[in-house]
Amino acid sequence: MDNLVTVDNLTFSRGDRLIYDGISLSVPKGKITAVMGPSGIGKTTLLKLIGGQLEPAKGDILFDGDSIVSMNRSRLYKTRRRMSMLFQSGALFTDMSVHDNVAFPLKEHTNLDSDIIDTIVSLKLQAVGLRGASRLMPSELSGGMARRAALARAIALDPDLIMYDEPFAGQDPISMGVLVKLIRQLNDALDLTSIVVTHDVNEVLTIADHIYILADKKVIGEGTADEIRNSDSELVQQFLKGQADGPVPFHYPSDELEASLFGEKS
Amino acid sequence: MNKYKAELMVGVFIALTIGAVLLLALKVANQSMTTEGDTYTLYAKFDNIGGLKERSAVKVGGVTIGRVTSISLDKQDYTPVVELSIMRQYAEFPETSSVSILTSGLLGEQYVGFQPGFAFDGIANLKDGDYLQDTKSALVLEDLIGQFLFNRGESDSGE
Amino acid sequence: MNPLQSLGAGTIDKIAAVGRAGVMLFGAIFALPKLKNVALTIKQIHVVGVQSLLIIIVSGLFIGMVMALQGFTILVDYGAEGSLGPMVALSLLRELGPVVTALLFAGRAGSALTAEIGLMKTTEQLSSMEMMAVDPLRRVIAPRFWAGFIAMPMLAVIFSAVGILGGHLVGVDWLGVDAGSYWSLMQSSVELGSDIGNGVLKSLVFAVVVTWIAIFKGYDSTPTSEGISKATTETVVFSSLAVLGLDFVLTALMFGIE
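Read top to bottom, the protein sequences are chains A, B and C.
Sequence positions in the first sequence follow this note's numbering and run 1 to 266.
Sequence positions in the second sequence follow this note's numbering and run 267 to 425.
Sequence positions in the third sequence follow this note's numbering and run 426 to 683.
Don't read these hints as lab results, they were simulated from the structure.
Model, not experiment: these values are computed from the prediction.
Possibly wrong hints are sitting among the right ones.
Simulated crosslink set (BS3-like; lysine-lysine; CA at most 27 Å straight-line) [to be verified]: (1) A:LYS48 - A:LYS107; (2) A:LYS58 - A:LYS43; (3) A:LYS78 - C:LYS461; (4) A:LYS218 - A:LYS241; (5) A:LYS107 - C:LYS461; (6) A:LYS58 - A:LYS78; (7) A:LYS241 - A:LYS217; (8) A:LYS78 - A:LYS29; (9) B:LYS325 - B:LYS293; (10) B:LYS293 - B:LYS341; (11) C:LYS461 - B:LYS271; (12) B:LYS271 - C:LYS468; (13) B:LYS271 - A:LYS107; (14) A:LYS78 - A:LYS43; (15) C:LYS468 - A:LYS107; (16) B:LYS293 - B:LYS402.
Footprint (simulated), chain B over chain C, 3 or more residues, beta carbon under 8 Å [stated by the list, open to error]: (17) 548-555; (18) 575-586; (19) 615-622.
No residue lacks a Cβ here, since even glycine has one placed at the ideal position from N, Cα and C.
Bound conformation, chain A alone (with noise of 0.2 Å):
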């Protein structure tokens, strides 16, 4: 099977702090990978380190067999044209109109007519729903509606990857119910590479083809729904049970708690 991106024994740390540790995963091409794992975990940032913002400390990441890593500032430029990403908030431009947002990479990257333009944004806003939106400013959107409307703007170029930031939080039912939805069928329709980084369990097994779990800066399960699901793990099983407590423990690091209330200063 073809891999469209390949993490390979990947190290990051932020200042002092260690975020991954060796990580390697892959994303196979045409498929919807998720990666899960608890909050404050470096989730985005794997998104970003894919994306070429970050510099991992070691280890490579490969875009459709080139190094993301070591390409020059205008080889990334050209390999992002082929990615994008659906940021958490959706980052639309706030001083623009719906329709302006989704135009925005079509005016920058191309030379298309205004009309030629103007169909393709039409086309991809009827696509997730907002066509009739299209004269809204993001402000007026709710976070749903804003959140599709970033879609539409993402796909706007018809990319190979598409990365979708957490796309559940914070969503109602129906919301999420919408964009899982979406995420499908963009990836089946569009024939699309998907990454999925999301903590919310149930929407992601139902969609997912493939599933990475990060826990403590390292790769805990990997699998099918139902692999995961059927996994011996107890970290994995801590997390899709949502348990409180377990190998992810319920406290931040710190000392005993008798120690700090009666031991002795030292």
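Could you slot chains B and C onto chain A? The hints should help.
The following block gives chains B and C in isolation, referenced to the frame of chain A:
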């Protein structure tokens, strides 16, 4: 519409700026000698130049015809030499012309007053690089007061 | 950390920040210019220039009026109220026009630039632009820099002109200075090159400094609400101090050496 409005307002902004520049350039600034154009140079030796500075005006009857370009001290007799740059269009002054250092108003700045002389036969016109012979120095207030007191003393004793 | 260490760390931080600011400006100025950027720059001139116009005109008018009033009460003692014109014009063209415009610009447009860019960073707009293979330095930073660079000298010229008219209003129309001497003495003492030209030159220098500080503070802000508020304050404080300090240096260079 929005974009069009922005462009329109920037156009208004530019028009305002041009208006302001025109006001400053035509009404506020002294533009008469800013385009120096074609000039020729004359020299004049004074005993005392008072407060004359470089770029001070050279005037004939109030009309500016040139400017002081440099002031230096003659190496031999230690008198100030003033270099005057005169516009070429005022080229026909006779050699008998005289210059004096005058003050515009009580507190005004000093300028070079140019007095065209009479032209008669045998008198050539001033050429580039000529020295003006007839010069009157600046009036220095202290000298004036001193002179006044001296004169009074003299006239008192004479009575 | 002991005081010496923190002093050293602080100094290294500041030097690194200056370095980052330089890299950013370099990237913005030498980013491949495209025709589309002209339209963006015009839009930004509207934001930083046209929208600052009202405050500039009102301030210029009042400063000119106050100077005429103050100058008149002093000059009239010496019977030299005719010199009101040169006094108002020279102080506006050489000093107040460029300096006050720069200070007002820092407060009005500079802080807005910082907050806008800072918020774009916080809401991941800059990041997402980068992921769309659009260089934010070229798309966001460069048009704002050029707009500030172009707009501020224009504002300064308008400020001076309005101030001179304000001085005329008070000096000539209210206090009875002769209109002829107001303008003619002004004309005989103001030089196009050394007074107006140097004023515009000063204003260009201030424009670079204020706009640079404003966009860098936004671009380099910590992406939190606290970080943006700090960056905005610093923009106003730093650019005001930089303008006043540089004004002294520039004045010494332009007018100080006789």
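Checked hints:
Restraint check: the Cα-Cα separation between LYS48 of chain A and LYS107 of chain A comes to about 24 Å, which is no more than 27 Å; the hinted pair holds. A hinted pair counts as satisfied when its Cα atoms are at most 27 Å apart, and LYS58 of chain A with LYS43 of chain A qualifies at roughly 17 Å. Restraint check: the Cα-Cα separation between LYS78 of chain A and LYS461 of chain C comes to about 20 Å, which is no more than 27 Å; the hinted pair holds. For the suggested pair LYS218 of chain A and LYS241 of chain A, the alpha carbons sit about 20 Å apart, so the restraint of at most 27 Å is met.
Of the supplied pair hints, the one linking LYS107 of chain A and LYS461 of chain C holds, its CA atoms being roughly 9 Å apart against a limit of 27 Å. Pair hint LYS58 of chain A plus LYS78 of chain A holds up; C-alpha atoms about 23 Å apart against a cutoff of 27 Å. Taken as a hint, the LYS241 of chain A and LYS217 of chain A pair is honoured in the structure, with Cα atoms around 20 Å apart against an allowance of 27 Å. Taken as a hint, the LYS78 of chain A and LYS29 of chain A pair is honoured in the structure, with Cα atoms around 19 Å apart against an allowance of 27 Å.
Of the pairs offered as hints, the one joining LYS325 of chain B and LYS293 of chain B holds, with about 21 Å between alpha carbons and a cut-off of 27 Å not exceeded. Between LYS293 of chain B and LYS341 of chain B, the direct Cα distance comes to roughly 42 Å. Violation of the 27 Å bound is thereby established for this hinted pair. With a C-alpha separation of about 18 Å, the suggested pair LYS461 of chain C and LYS271 of chain B falls inside the 27 Å cut-off, and the hint holds. Annotation: proposed proximity of LYS271 of chain B to LYS468 of chain C holds, straight-line Cα distance about 10 Å (limit 27 Å).
For a cut-off of 27 Å, the pair hint linking LYS271 of chain B to LYS107 of chain A stands: about 21 Å separates their Cα positions. Using a Cα cut-off of 27 Å, the hinted pair LYS78 of chain A and LYS43 of chain A holds, with the two alpha carbons roughly 24 Å apart. Between LYS468 of chain C and LYS107 of chain A, the direct Cα distance comes to roughly 17 Å. Compliance with the 27 Å bound is thereby established for this hinted pair. Among the hinted pairs, LYS293 of chain B with LYS402 of chain B is inconsistent with the structure: their alpha-carbon atoms are about 34 Å apart, more than 27 Å.
Coverage of the segment 548-555 of chain C by chain B is violated. Counting CB-CB distances below 8 Å, 0 residues qualify, and the rule asks for three or more. Beta-carbon proximity to chain B at under 8 Å applies to 6 residues in the segment 575-586 of chain C; the threshold of 3 is reached and the given coverage holds. Here the segment 615-622 of chain C counts 6 residues with a CB under 8 Å from a CB of chain B, which clears the bar of 3, and the coverage holds.
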